[in-house]
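> Add chain B to chain A, keeping to what the hints say.
Heads up: the protein sequence lines correspond to chains A and B, in order.
Just so we're aligned, residue 1 is where the first sequence starts under this note's numbering, counting upward by one.
Just so we're aligned, residue 115 is where the second sequence starts under this note's numbering, counting upward by one.
Keep in mind the hints are simulated off the structure, nothing from the lab.
Where is the CB? At the ideal position from N, CA and C, for every residue including glycine.
Take these hints with a grain of salt, some might be off.
[Stated by the list, open to error] Quick list of simulated restraints, FRET-style, between CB atoms:
id	chain 1	residue 1	chain 2	residue 2	range
1	B	THR224	A	PRO86	29 to 35 Å
2	B	PRO196	A	PRO86	32 to 38 Å
3	A	SER73	B	TYR153	25 to 31 Å
4	A	PHE39	B	SER122	17 to 23 Å
5	B	ASN141	A	SER5	27 to 33 Å
6	A	GLN60	B	ILE132	37 to 43 Å
7	B	SER126	A	LYS20	39 to 45 Å
8	B	SER165	A	SER54	26 to 32 Å
9	A	PHE39	B	ASN121	18 to 24 Å
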Amino acid sequence: GAVVSQHPSWVICKSGTSVKIECRSLDFQATTMFWYRQFPKQSLMLMATSNEGSKATYEQGVEKDKFLINHASLTLSTLTVTSAHPEDSSFYICSAPLNRNEQFFGPGTRLTVL
Amino acid sequence: DQQVKQNSPSLSVQEGRISILNCDYTNSMFDYFLWYKKYPAEGPTFLISISSIKDKNEDGRFTVFLNKSAKHLSLHIVPSQPGDSAVYFCAASEGTSYGKLTFGQGTILTVHP
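With the rest of the complex left out, here is chain A (with noise of 0.2 Å):
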């Protein structure tokens, strides 16, 4: 199957600090991906759809001054949390459909914010 890759697959940070992951769709283009977050023993919760070329539609009570996402070609997007804080640490995950019925998920980020 498709592949679908993050970087980094785990990061640990300064409260107060920025840090970006980085999603990739290896083998095919991908016009939409998703980011999700999942908290410990939690749902994935949908955070926001990329689009490439415009911009970035974000799920009720995600902040998007926050959460940057830039989807810079139709292989990458990235995901910034900026002025990151303890309650953002999380596994993050990003999705790249290849069509409606098929979706890939990248391996996780965990991200922890000391």
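For chain B alone, kept in the frame of chain A given last:
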């Protein structure tokens, strides 16, 4: 508002027996349903899906059943194997929201040898 619910946080079965994982949804606009398997600190892996125009889809040991009137779907794994032990998520999407998935809370499946 949890639109997709998996009410059983965990399920334990013996190897070789059937595992049945359940999922309920409230949004009648959902028309496509998927099951994912997930290990800790990894992304979900697609297992099987079903369109709302069907009531059953089978792929090897995995079968998904959809009861639209009850807004209920289930995943059957038979025979269960120890390697099936993982967290299983059901997810749903609407036709108008390309690729956008709403996930249930997940069910931890443990298959004992």
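> All the hints need checking, so say for each whether the structure fits it.
Evaluation of the provided hints:
1. B:THR224 / A:PRO86: 29 to 35 Å: With Cβ atoms ~32 Å apart, the hint holds.
2. B:PRO196 / A:PRO86: 32 to 38 Å: About 37 Å separates the Cβ atoms of B:PRO196 and A:PRO86, which means 32 to 38 Å holds.
3. A:SER73 / B:TYR153: 25 to 31 Å: holds, 30 Å
4. A:PHE39 / B:SER122: 17 to 23 Å: Holds, since A:PHE39 and B:SER122 (Cβ atoms, about 20 Å apart) stay within the stated range.
5. B:ASN141 / A:SER5: 27 to 33 Å: Between B:ASN141 and A:SER5, where Cβ atoms are some 32 Å apart, the hint holds.
6. A:GLN60 / B:ILE132: 37 to 43 Å: Between A:GLN60 and B:ILE132, where Cβ atoms are some 39 Å apart, the hint holds.
7. B:SER126 / A:LYS20: 39 to 45 Å: Between B:SER126 and A:LYS20, where Cβ atoms are some 41 Å apart, the hint holds.
8. B:SER165 / A:SER54: 26 to 32 Å: Since B:SER165 and A:SER54 have Cβ atoms about 29 Å apart, the given range 26 to 32 Å holds.
9. A:PHE39 / B:ASN121: 18 to 24 Å: Check passed, 19 Å falls within 18 to 24 Å.
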